Amino acid sequence: MDPAPAGRPRRRAPAVPRTALPEPPPWLWLCLVLFVLQVPGLLGQASYRGSGLGEIDGAQRGRFVTAMLSLVQLLPLCFLLAAALALLAPWARCRYVERRYGLLPPDHPLMAPTRTGPDPGGTAVPHFHEQMTAVLNAYAPGTELRVSTRSGLFARVYPAGLRTARVGVFAPLVHLWHTDPRAARAVLVHELGHLRHGDQHVAGLGSPFTALVRRWPHVLAVLVGLPVTLLFVTGDATTRPVLAQVVLVLCSLPAVLLLVVAALWSAELAADRVAVRDCGAQAVVRALRASQEGDRGGLARLHHPPVPLRVRFALRASDPAAQSLLTLLWPLALLAKLLLAVLGAVAAYVLLGARQDRIAGHVLGLAHASLTADPAWWATLAVVLLWPTATATATAARARARRRGTGKTFTTPAAATAPAAATVPAAPAALSAPAARAVRLPRPYALAALLPGLLLLLGTLPWGPGTGQDLFPDDRRNTHLSATAPERERPDATSTPCPGAGPPPAPARPPGLPTFGALPGASTGTAAAPLPDGARTFRTAAIVSAETLSGSPQWAQDFGDRLRATRWTLHPDGRLTADTARVPVLHSTAANTTTRLFDGRRTTRTGIGTTTTWMEARLVTDADAPPRLGLIRASVQALRVVADCRASTSTADTSMRLSLTLREQ
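Under the UniProt record's numbering, the residues of the sequence shown are numbered 1 to 665, in order.
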């Protein structure tokens with residue numbers, strides 16, 4: 001067959017040239033899976049920040065702020081857990097959506113349309129719902145149509161079961177179907193494009209994911225803005241320490257919203273590309289401009305990209321640069337999340353009175369440690385590298401099935417990794433994944449893999465950040481905190497003066513801590529210090545166990561995560577040091593041929609608090625097994641706040657026991 005005549009009809013509409021680029025990865029599923037896996041850690045962080053605010057609140061004045069910030073940190077988890085639970089009961093969500101939006105079958109008596117007369121040729125004109133059903137059956141057999149007389153929306157997809165879906169059509173789309181059928185068809189094909197990755201289970205109509213984006217800015221403004229405003233109005237003496245925690249919350253919570261918005265935008269722009277391939281760019285542009293009057297609210301634009309942005313992507317759907325930006329959307333959101341955390345840490349340290357020349361190095365060190373500790377970067381790199389190959393393999397399998405005559409429907413590539421992905425027919429080429437002609441990584445994906453790859457490489461390089469020991473000057477006094485509160489008038493000249501602000505004395509070692517005990521046949525004291533073989537260097541290979549003895553159960557696991565890939569140095573004078581600020585310098589107390597015991601202590605002071613950390617260690621370096629390091633760590637924090645000429649001191653302690661396997665370098 002001559003290819004020229006076959007190509008001419010497609011030029012009548014501004015169709016996009018065919019491309020071998022695969023669709024963007026299913027970032028929605030990755031986002032949901034990562035949040036579900038990190039729920040224990042996020043709960044631990046929220047509990048830790050809430051307990052920190054409670055400790056600062058020695059004057060009993062910030063209870064309202066503490067309660068509001070604790071609640072605002074838990075609400076995103078509630079939305080995300082609801083999204084995960086909704087995957088298990090799609091029929092319940094289907095009933096809720098159809099009741100909420102008045103969606104009924106097209107043959108329902110309330111929706112039965114008036115019979116349209118025949119055309120001039122005498123042929124009966126099908127009802128609009130029959131034409132829409134024909135489109136659904138052509139691209140996704142089994143997908144059902146539901147109709148509503150409400151306005152404000154055009155069309156939305158939602159799950160009807162584990163492997164079935166429905167498309168809800170609203171009054172504006174019915175009107176568009178009669179005035180611009182091709183643009184209305186583009187809207188339907190866009191919704192069917194969401195079925196490729198099973199987006200209807202995560203997003204779509206009635207999704208808790210979408211509800212989080214719609215409602216979260218309102219919740220953030222009320223539950224954070226109101227208590228912070230009250231703090232400024234009352235001039236509480238604990239304002240600065242509480243504001244330091246508020247800054248951390250304000251920078252961490254938008255990061256949650258940022259990742260969800262990036263995943264939703266990527267899914268919407270990918271569905272637009274499917275509609276462009278089937279109906280042409282101009283039809284999609286007309287549909288977008290017609291639907292611009294749908295979601296009028298400013299916050300409604302968060303779960304859908306702005307129409308001008310979608311129009312630009314639709315007109316440049318075949319441009320590799322647009323594909324690169326679409327694939328990079330999620331990695332860029334991860335980078336923005338990291339930058340928000342850095343900015344929040346800098347602001348918090350400034351509010352707490354840290355040394356200006358030490359803040360940058362310490363914060364960069366924390367960011368450096370979080371690069372390899374965050375599983376999102378590793379998961380993003382793996383998805384970007386493997387998705388083109390998985391798409392090409394699935395496309396080849398569907399092509400072989402069609403040649404055998406058994407390929408009526410196919411399961412989307414996301415179905416292998418995401419539960420309950422919907423099925424889409426392979427017959428229309430527009431909804432089939434583009435065939436990859438080679439297994440090599442396409443350029444957009446190579447560019448998208450470059451960002452997480454470089455950052456992970458940077459995270460594996462050694463870094464020497466400033467330690468917490470020199471972050472706060474020991475002789476600093478909390479004069480800048482007391483200056484924020486109005487000066488108290490004394491009743492008379494003989495009244496007792498107000499106690500001065502400053503950190504409390506160093507706390508005592510908690511009683512009842514376990515020890516490693518005596519070492520048989522060991523030399524002690526100064527005889528245990530020399531190391532005849534010179535310095536030895538180790539690196540953490542694995543965290544064998546992390547047991548919390550007192551405090552939050554999550555603290556031991558968090559501390560163990562921070563010790564991953566830590567570099568340990570056994571110096572010739574018997575000292576054991578680590579390249580992390582959370583481990584004090586450890587001095588040898590006893591040693592024999594294979595085992596050496598250590599202990600160490602460190603005290604840090606801020607304007608209102610004193611923290612002392614004790615640590616014991618046992619290093620075993622026999623020839624028959626890899627080096628092993630046991631740690632017993634205890635930390636006591638004492639906070640002292642002066643308000644209304646009254647001093648209040650509170651303490652909090654935590655202790656843990658860890659076992660590590662090392663690798664000698």
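Worth flagging that the hints you see were computed from the coordinates, not collected in a lab. Treat the hints loosely; a few may be bogus.
What the hints assert, rightly or not - Pairwise CB distance ranges, derived in the manner of DEER restraints:
1) P553 / P520: 29 to 39 Å
2) L364 / H175: 54 to 64 Å
3) P520 / A82: 50 to 60 Å
4) D624 / P514: 19 to 29 Å
5) L366 / Q131: 55 to 65 Å
6) L77 / P514: 28 to 38 Å
7) L366 / T603: 20 to 30 Å
8) R215 / S650: 43 to 53 Å
9) S650 / R99: 16 to 26 Å
10) P514 / Y96: 26 to 36 Å
11) R564 / N137: 50 to 60 Å
12) T603 / L81: 35 to 45 Å
13) R316 / P126: 53 to 63 Å
Just so it is clear, the structure is predicted and the values come from calculations on it, not from any experiment. Ideal Cβ placement from N, Cα and C applies to all residues, glycine included.
Hints, verified against the model:
1. P553 / P520: 29 to 39 Å: holds, 34 Å
2. L364 / H175: 54 to 64 Å: holds, 56 Å
3. P520 / A82: 50 to 60 Å: holds, 57 Å
4. D624 / P514: 19 to 29 Å: Since the Cβ atoms of D624 and P514 sit about 26 Å apart, the hinted range of 19 to 29 Å holds.
5. L366 / Q131: 55 to 65 Å: Since the Cβ atoms of L366 and Q131 sit about 58 Å apart, the hinted range of 55 to 65 Å holds.
6. L77 / P514: 28 to 38 Å: Distance hint for L77, P514 holds at roughly 34 Å.
7. L366 / T603: 20 to 30 Å: holds, 21 Å
8. R215 / S650: 43 to 53 Å: violated, 35 Å
9. S650 / R99: 16 to 26 Å: violated, 51 Å
10. P514 / Y96: 26 to 36 Å: violated, 53 Å
11. R564 / N137: 50 to 60 Å: Given range 50 to 60 Å: holds, Cβ gap about 53 Å.
12. T603 / L81: 35 to 45 Å: Since the Cβ atoms of T603 and L81 sit about 41 Å apart, the hinted range of 35 to 45 Å holds.
13. R316 / P126: 53 to 63 Å: Cβ of R316 to Cβ of P126: about 35 Å, so the range 53 to 63 Å is violated.
Hint compliance for this structure: hints 8, 9, 10, 13 are broken, all remaining hints hold.
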